[in-house]
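A.B. asks: Chain by chain, the residues:
2 protein chains.
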Amino acid sequence: MTDKPKVLRETDDEARKLARLVLREQRSAAMAVVEPGSDGFPFVSRVLLGFDLDGAPVILASRLATHTQALLTDTRCSLLAGRMGKGDPLAHPRITVQCEGEPVTQTDPRYPLMRARFLRRHPKAQLYIDLPDFLFFHLAPMRASFNAGFGRAYALAGNDLLITSSALEEIATAERLLLDELRSNADAVKHLIADDPEPVTPAWQVTGIDSEGVDLALGDAFRRVVFPRQVENAAELHAMFVKLYR
Amino acid sequence: MTDKPKVLRETDDEARKLARLVLREQRSAAMAVVEPGSDGFPFVSRVLLGFDLDGAPVILASRLATHTQALLTDTRCSLLAGRMGKGDPLAHPRITVQCEGEPVTQTDPRYPLMRARFLRRHPKAQLYIDLPDFLFFHLAPMRASFNAGFGRAYALAGNDLLITSSALEEIATAERLLLDELRSNADAVKHLIADDPEPVTPAWQVTGIDSEGVDLALGDAFRRVVFPRQVENAAELHAMFVKLYR
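Chains as they are written, first to last, in our numbering: chain A, 1 to 246; chain B, 1 to 246.
Next comes chain A alone, as it looks inside the complex:
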């Protein structure tokens, strides 16, 4: 016996993969926190969504915002990210991720990488990212609930959304070098995602590379190409790129 509700389906790799994509491809999310001074009232607001190299969601926040004051007091938060489209909003996949938020301020050694990755994804954040009241929160996923549409609900562990690798720093360096290479080779993206069923043009910009895949942006749209297998170091990452776009 488990206390898992009967409405949940068995979580398989396909569900995990779709859940990660649905989370990853959103520009913004709804984030719920515990409202400061409310004795436990939930409070939900809109946030821009970025991702750390380990796959954890990252948000940029002003200290003036309610959700920032909340997270600095009670680290628990819940993110809702999902696709929208025509017809019933409940027919489109979305994911709720229960997270623990950790502040990453401008003096934190992790800050420069987080800032660079966030700005590639959200270039307009340049307007305010360096104001003194802004900071990041790294949202470590504890567990998640993925709803792929009516009657298709799955429970996920926090690790299902994370990239487990001992080489995150090495990959971060490799990411910087690869991004430079891609900038001088505009067609590379087209080859990179040639396997994807959706039409792609070289206009897609690479916003991030990690050991599991590549994030791309075109205007307001985001997409992600997942590698056939996770890479474990810079050499494997380079080899994966050579293999994918030659």
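Be aware that a few hints might be false.
In this list, chains with the same sequence are indistinguishable; a pair is considered to hold if it fits within one copy or across any two.
The calculated lysine to any residue pairs, modelled on SDA-like cross-linking and capped at a C-alpha distance of 25 Å, are [to be verified]:
| hint | residue 1 | residue 2 |
| --- | --- | --- |
| 1 | K243 | P202 |
| 2 | K86 | R152 |
| 3 | K124 | V22 |
| 4 | K86 | I129 |
| 5 | K86 | R115 |
| 6 | K86 | D130 |
| 7 | K124 | G87 |
| 8 | K86 | L218 |
| 9 | K86 | V22 |
| 10 | K86 | A217 |
| 11 | K86 | A221 |
| 12 | K243 | Q230 |
| 13 | K86 | F222 |
By construction, these hints were calculated from the structure, which means they are not laboratory data.
Starting from the known structure of chain A, fit chain B onto it as the hints suggest.
C.D. replies: Frame of chain A; chain B shown alone:
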């Protein structure tokens, strides 16, 4: 001295009106509740949004859903509803409403009206609304936070989102009769919203009438026409319609 953060603007009638429209015109919202058995962790999920005659948000929920179990234990919830569009998601207006949820089950005297209004707004909910595990929650707004875009934040009282009238039942009866009349006069809608700057066609369907205005739907889009002044009884409502669409 007040403890109001300096980032808040003075709330005026224009802000209240826009806040009500932004809430009212959404198909769905993110609703945060206190996760059951979590010792206070927030939990946010997607809900279809309807409205009661008093202007309070209404959601339809299955007893199998986490948010239903949550609201049956702790009535406190937070709704995020907002416009989306091109560019930065934080540039578009959205509202956070702190609510107390009250269950309205299928045997409740308020249920038939709530069901009829919800189905006019969300016809596809017909597929599951009568399943035995479904119920409504009337979400009474306690207070709200309206963000009209960068640097334009306002604090609202719960009453700013409600329609205060002693004639809600009389208006409900008048709504039913008016809806019948409108069904036999397809052009009425066009006249009704002739003052609106956006182009309108008779294809817009009236989904609800209350003492403050009219809700309309066309495909996935919702809009609302607000009366020049609130009506207080059925006679005034009829007179308002005669005035508006002749």
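A.B. asks: With reference to the structure, classify each hint as holding or not holding.
C.D. replies: Structure-based check of all given hints:
1. Taking the shortest Cα distances, K243 and P202 sit within 25 Å of each other inside one copy (18 Å), while across copies they are farther apart (57 Å).
2. In this assembly of identical chains, K86 and R152 lie within 25 Å of each other by CA distance solely inside one copy; the values are 19 Å within and 30 Å between copies.
3. For the homomeric pair K124 and V22, the shortest alpha-carbon distances inside one copy (23 Å) and between copies (24 Å) are both at most 25 Å.
4. Proximity of K86 to I129 under the C-alpha cut-off of 25 Å is restricted to the inter-copy arrangement: shortest distance 20 Å between copies versus 34 Å within a copy.
5. When the C-alpha separation of K86 and R115 is checked against a cutoff of 25 Å, the pair qualifies only between copies, where the shortest distance is 23 Å, while the shortest distance within a copy is 34 Å.
6. In this assembly of identical chains, the alpha carbons of K86 and D130 lie at most 25 Å apart only when taken from different copies (24 Å versus 37 Å within one copy).
7. Taking the shortest Cα distances, K124 and G87 sit within 25 Å of each other only across copies (9 Å), while inside one copy they are farther apart (30 Å).
8. Taking the shortest Cα distances, K86 and L218 sit within 25 Å of each other both inside one copy (21 Å) and across copies (12 Å).
9. Taking the closest pair of Cα atoms, K86 and V22 come within 25 Å of each other both inside a single copy (16 Å) and across two copies (19 Å).
10. In this assembly of identical chains, the alpha carbons of K86 and A217 lie at most 25 Å apart whether taken from the same copy (22 Å) or from different copies (14 Å).
11. Taking CA atoms no more than 25 Å apart as the test, K86 paired with A221 passes in both settings, with 16 Å inside one copy and 10 Å between copies.
12. Taking identical chains as interchangeable, the C-alpha atoms of K243 and Q230 lie at most 25 Å apart only when both belong to the same chain, with a minimum of 14 Å there against 67 Å between chains.
13. Taking the shortest Cα distances, K86 and F222 sit within 25 Å of each other both inside one copy (18 Å) and across copies (13 Å).
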